[in-house]
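Could you build all of it, start to finish, from the sequences and the hints given here?
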Amino acid sequence: MSTYQSYPPPPAPGMSTGTKILLGLGIGCGGLVLLCCGSVVGVTWLGYSAFQRGIDRDPAKVKAAAAEIGAIDLPADLLPKAALDLRMPFTGQNIMTGAVYTGEGDREVLGLAEFAGPFGSPDQHALRSHINEALNQPGGRDRDDDFEVQKKHNLELEIRNEPAKFQIEEGVTRGGEKMIRAAGQFQGKHGTALLFLQLDAEKHPVEQVEELIKSIH
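According to my numbering, numbering within the sequence shown proceeds without interruption in unit steps and concludes at 227.
Watch out, some of these pointers could steer you wrong.
[Claimed, not checked] Calculated lysine to any residue pairs in the SDA-like style (CA-CA distance at most 25 Å, straight line): (1) Lys199 <-> Ala77; (2) Lys213 <-> Arg170; (3) Lys188 <-> Ile82; (4) Lys175 <-> Gly115; (5) Lys175 <-> Val216; (6) Lys224 <-> Arg97; (7) Lys73 <-> His200; (8) Lys213 <-> Ala86; (9) Lys73 <-> Arg170; (10) Lys224 <-> Gly185; (11) Lys188 <-> His227; (12) Lys199 <-> Leu165; (13) Lys199 <-> Lys213.
Just so you know, these hints were derived from the structure itself, not from any lab.
In structure tokens:
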């Protein structure tokens, strides 16, 4: 039986940041679906059109998706952008629930994702790589604003009685924007969850970012 891996294409020019982040998360768990399905059917289902159908831009649905993953004190300037309910074909088993909030111009973004059942231990390095790719290609612009890390540190917490670890990076884009990025894994309401954010360091200093992460419950 064929094991050809038909992953979704790279984020397209003009695609919103929220959609690109969710697509990146989905690409990261595509290999897991392949292992469970054992055939081209499951992987083909993870094609770009399937992701598009699973994405919902209704603000109420985005808030509901985020609440299903965990409660978090969001900055007032971040607005609900997109949600994703990704399920296995035929069985309808939940694979991933995602929610993305963005700020003005989509330069700021906060994403939450939760992986269920056998998909509960995603490759964090691969997921972050896909997300960084999406963030570094906003609105189809050239990759002239890659993020240069100047400082970084880890924040270790306990969420829902389970250890959680986040890496926080401070740096600048090539365009001179001071940004803070953070990513980490924690125990969600139904499985392993992932947080990723990129915020304007002028508006959201590192202390505020840490408080935001600590608010997860």
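Problem set entry | In rising order, the numbers of the hints this structure does not comply with | Violated hints: 2, 4, 6, 10, 11, 13; rest satisfied.
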